[in-house]
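From just these sequences and the hints, can you work out the full model?
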Amino acid sequence: MQLVLEKRVERSGTIALVSPLIAIGLTILTMVILFAILGKNPLLALHAYFIAPLTDGYSLLEIAVKATPLVMIAIGLSLCYLANAWNIGAEGQFLIGAVAGSWIAVKTQGTDAGAWVLPAMFVLAAAAGALYALIPAICKVKFGASEILTSLMLVYVADLFLDYLVRGPWRDPQGFNFPTTAEFDPVATVPLLIEGGRLHLGSIIALLVVAAAAILLGRTIKGFEIRVVGAAPRAARFGGFNANQLIILTFAVSGALAGLAGIIEVAGPIGHLQPGISPGYGFTAIIVAFLGRLNPVGILIAGLFLALTFIGGEQAQIAMKIPLDVTKIFQGILLFYVLACDSLILYRFKLVFPNREVTRGAG
Amino acid sequence: MELVEAIILAVLAASTPLLIAATGELVTERSGVLNLGVEGMMIVGAACGFAGAWLTGSVFIGALFGMVAGTLMSLVFALMALGLAVNQVATGLALTILGVGLSGLIGAGFVGERITPAMHLYIPVLTDIPLIGRVLFGEDGFVYFSIALIVGVWWFLYRTRAGLILRACGDNHVSAHALGYPVLRIRTFAVMFGGACAGLAGAYLPLAYTPFFVPGMTAGRGWIALALVVFSSWRPGRLVAGAYLFGAVTILQLHAQGWGVGIPSQFMSALPYLATIIVLILLSRARTGGSTAPAALGTVFVPDR
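Taken in order, these protein sequences are the chains called A and B.
Note that my numbering has the first sequence beginning at 1, numbered continuously upward.
Note that my numbering has the second sequence beginning at 1, numbered continuously upward.
Source of the hints: derived by calculation from the structure; they are not laboratory data.
A few of these clues could be false.
[Stated by the list, open to error] Under 10 Å between C-beta atoms, here's a sample of chain A residues computed to sit facing chain B:
id : residue
1  : Leu5
2  : Ile205
3  : Ile333
Where is the CB? At the ideal position from N, CA and C, for every residue including glycine.
Structural data, given as structure tokens:
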């Protein structure tokens, strides 16, 4: 007797709907075991992770703040993944966007520059992110170099470049030698939405991005092309869709969104440029994109959920001394379960009895 | 002359983890599976390897811990990508994310601890030969093992029947299946071999390269190993050349930083990553008349019965 996979005749709609929920359930089950191994009370730990952040207003706002970059990056990545283009260097595009936008903030510091500063920072950050993402895209289209490896290598390069700037030319002279720029001027800071907390205009921008992506994918020819090129490359070729052009386009859009997310994070909640501005948003956004089923609304929900794990992880660390790395383990396991459950949309398990089949074949 | 000797020793030390990890991934990819989780398996191997060596006081047992940890990680990958037919690219990424978290958790208790690093072998007479003696006969055990490993893999792939079958699975899994070969089982073994190698390569870092563990100490070496496999056009001989070339670039930038060349250290540190990109471009460009990659690389296989 053997358990094997068998292709379904039709993709299962029911499983497509419930698979993210099953994945989350299985992840929580696994985490209970992990907490027990770590010698922490699993129920208290789960409470700290998933319930406590939802019960006070400050944490709720923080969830929205953390979800903002995750959702923006993941929307861009979902376009890439739908078109079967593997951009995994969003972290680097995020950093380069932050650097490019900060350039204006640093150069206008202490001058009487007007309200144009923040919009200019946004535009430059998006452009820089897009250009940075175009490097792997062009290497892929022109030379056939793996976009997975090149986009990832550029993450390390961006990280080192940022490090150089804040330790060298952009370091705050009054910063006691800490590797950071001076605090941005008010005109170079993303305005807060409400008094108290850190909720800022960026969250509205993220919602607009979700809406725009939903329209692009659901209502336009370009969106249709993206989906066909990824799902049925042969059909797309017959349809005359240019796959290379779509790789360039999706990489540029996702780079622009990651870059924009980068400057919003720096000019918003952080307020200055420093190393370590991202706790791995660019990589977590990959999980957000898959958990959200590469669907804009799904990504919005998934982004909020993963933001909850960041906040919950911090609270669990403070309250129960659970290491922050547990959050990363949680996110990795979640991605595994999401992918595994997604497989059951296309396949199902079947028990086979090899011996009997052989006899039948012989007879 | 001592400087040259020191540089050669340093280059070998920097190349060895790349060579071991890339050798494992070469076998995995030759069977038709693209495991992008090398970085994750390496970093877990580093944490477990250090833990093993610190607890037992033996570098050898530490290396074994690293190999077992890498193999266990690769089994998770095999379960997903082969057992459940999940997209291999996404599974590999998940493995890396998981590995970074796991290694942080495992290694947390060992940060700041030191061990006695792997001994360099001193073969009495041979090591005393001027010029080449120390370089050829005075390395640590990992270096010799990595060379034996790649030679063994070359022999296995091109001189044995099992190697031929493994390559057949990588080039055309449907035909291999039709001929009665257990494609998924062969691939599982190939993935496990890749995991063991990645784990060992990770363990090399805290056991021989530096005598302590730092979170994130693999610093993208797993990804560079993946690029090396592409660089080698999936051939063991070129893999050796590529690994030593990259080790040389790493050491060159470290020494340049030490000599106080007027370039900021961050730019020099970025050199290995930029070199990877440039090599990938040049290589992909130079290749004419189709790809040299295993034809079924990265594709899902679900046997029909």
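Now for the hints, and whether the structure bears them out:
1. Leu5: For leucine 5/A, the interface hint holds, since the closest Cβ of chain B sits about 5 Å away, which is under 10 Å.
2. Ile205: violated, 26 Å
3. Ile333: OK, holds: isoleucine 333/A within 10 Å of chain B, min 6 Å.
Violated hint for the displayed structure: number 2, the only one.
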